[in-house]
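Enquirer: Residue strings, one per chain:
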Amino acid sequence: AQSVTQPDIHITVSEGASLELRCNYSYGATPYLFWYVQSPGQGLQLLLKYFSGDTLVQGIKGFEAEFKRSQSSFNLRKPSVHWSDAAEYFCAVGARSSASKIIFGSGTRLSIRP
Amino acid sequence: DAGVIQSPRHEVTEMGQEVTLRCKPISGHDYLFWYRQTMMRGLELLIYFNNNVPIDDSGMPEDRFSAKMPNASFSTLKIQPSEPRDSAVYFCASSLGGGVETQYFGPGTRLLVL
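Each protein sequence line maps, in turn, to chains P and B.
Residue 1 is where the first sequence starts when you use this note's numbering, and the numbers rise one by one after that.
Residue 1 is where the second sequence starts when you use this note's numbering, and the numbers rise one by one after that.
Simulated from the structure, these hints should not be mistaken for lab results.
You may find that some hints are simply not true.
[Unchecked claim] Listed next, the in silico BS3-like pairs over lysine-lysine satisfying Cα-Cα at most 25 Å (straight line):
(1) Lys68/B to Lys78/B
(2) Lys68/B to Lys101/P
(3) Lys24/B to Lys101/P
(4) Lys101/P to Lys78/B
[As the list claims (entries may be wrong)] Covered stretches of chain P (chain B as the covering partner; in silico rule of three or more C-beta atoms under 8 Å from a C-beta of chain B):
(5) 46 to 60
(6) 73 to 82
Computed from a prediction, not measured in an experiment: that's the story for all the values here.
Here a beta-carbon is modelled for each residue, glycine too, at the ideal position from N, C-alpha and C.
Could you build all of it, start to finish, from the sequences and the hints given here?
Expert: Next up, the structure:
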């Protein structure tokens with residue numbers, strides 16, 4: 001069965017600084033990978049996803065993520081964060097064999113320092 | 001489009017009472033998902049439907065939980081009888097196609113069982 005680990009529970013970065021949120025997955029084959037964002041009191045919104053092809057994926061709001069098979073990682077990056085990026089970020093993995101069942105990580109809460 | 005609609009947004013009930021959560025997916029979407037989010041367990045998939053048919057209910061915690069989708073535009077998640085440990089935020093999501101297709105989340109129902 002697939003699983004996903006987000007090792008950082010809470011990260012604080014200064015506005016304008018770069019950001020990298022870590023995600024490691026466990027799956028025997030190439031998985032589907034997702035990053036979702038959840039603002040306080042809101043549902044989740046998809047930032048980006050990877051299923052094949054180019055390992056560097058561009059998403060909304062200036063985010064990108066890179067799939068590294070050798071490291072079983074799918075880290076999320078943004079070159080310059082804005083105060084509005086403060087939210088909870090979830091990495092998720094889906095198995096190609098059980099198409100629609102997505103397993104979510106525990107989330108990383110991002111705070112922005114003015 | 002109005003997005004995924006959930007009602008009620010907040011529900012406070014007493015232990016032993018029946019609770020019914022409602023979801024209206026995005027029109028035209030053929031997949032519907034119910035998730036539960038708690039601090040302890042994170043975001044868990046409870047059940048999902050394809051074309052109104054339950055496909056995987058392995059995440060439903062126990063027989064007290066049941067979900068139905070009588071038509072393409074409506075689904076319910078029922079808890080009977082409710083217990084304090086059911087307190088959580090329940091999300092409904094829908095997608096057009098399964099697998100890697102984007103799931104669109106509703107705003108969630110915050111349930112508190114006293």
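Enquirer: If a hint holds in the structure, say so; if it doesn't, say that too.
Expert: Results of checking the hints against the structure:
no.: 1; hint: Lys68/B to Lys78/B; verdict: holds (8 Å)
no.: 2; hint: Lys68/B to Lys101/P; verdict: holds (18 Å)
no.: 3; hint: Lys24/B to Lys101/P; verdict: holds (20 Å)
no.: 4; hint: Lys101/P to Lys78/B; verdict: holds (21 Å)
no.: 5; hint: 46 to 60; verdict: holds (count 3)
no.: 6; hint: 73 to 82; verdict: violated (count 0)
The structure is inconsistent with hint 6 alone, although it conforms to all the rest.
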